[in-house]
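A.B. asks: Sequence:
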Amino acid sequence: MTSNFSSQIPPHTFLIVNGTQVYRLTRKTINIGRHTDNDIVVSDPHVSRHHAQLRAVQGHFVLFDLGSTGGTSVNGRRVSQQILQGGDIISLAGVPLIFGQGQTKGMDSYIGDMSNEENLHESSTTLLVNETEADSYLEMFDIKSKKD
9 MTSNFSSQIP PHTFLIVNGT QVYRLTRKTI NIGRHTDNDI VVSDPHVSRH
59 HAQLRAVQGH FVLFDLGSTG GTSVNGRRVS QQILQGGDII SLAGVPLIFG
109 QGQTKGMDSY IGDMSNEENL HESSTTLLVN ETEADSYLEM FDIKSKKD
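Count along the sequence shown from 1, add 8, and you get the number used in the working numbering.
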């Protein structure tokens, strides 16, 4: 009997990209980069076309840099791979992302869902929130917004 433990998706995980886009992480492998064929598209010229990948490994998400030009950092330290913990601050060539884990009151109504694979690239997987809502997410992790 084989076990799915090696690729179990951590529950209640999400990624906040650039302070405004929030993604629920519901897949075992999530590609991140500038090109439109990624699961999470980061439209910044410094981000590589295929910059990084999140993989579910033994109940945790592990971040892998895919040989990007601009580099990948977690909590200010450049990495090629890193097990993520809730509250980790990721930088993809200077673009900030926050990895969150845990249930957050009222967050479900603001998060784009990646679980519908059929519509993954045909419809938006993100929800842009207003500045007040984005600031409240950043405050959860004691981070100042870009306008400060």
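Since the hints were made in silico from the structure, they are not lab data. Treat each hint with caution, since some may be false.
[To be verified] Label pairs and their in silico Cβ distance ranges:
{"hint": "1", "residue 1": "Gln89", "residue 2": "Arg35", "range": "32 to 42 Å"}
{"hint": "2", "residue 1": "Ser51", "residue 2": "Gly75", "range": "13 to 23 Å"}
{"hint": "3", "residue 1": "Gln66", "residue 2": "Ser88", "range": "10 to 20 Å"}
Given the structure is predicted, the values throughout are model-derived calculations rather than measurements. Glycine included, each C-beta is placed from N, C-alpha and C at the ideal position.
A.B. asks: So, against the hints stated earlier in the document, which numbers end up violated here?
C.D. replies: 1
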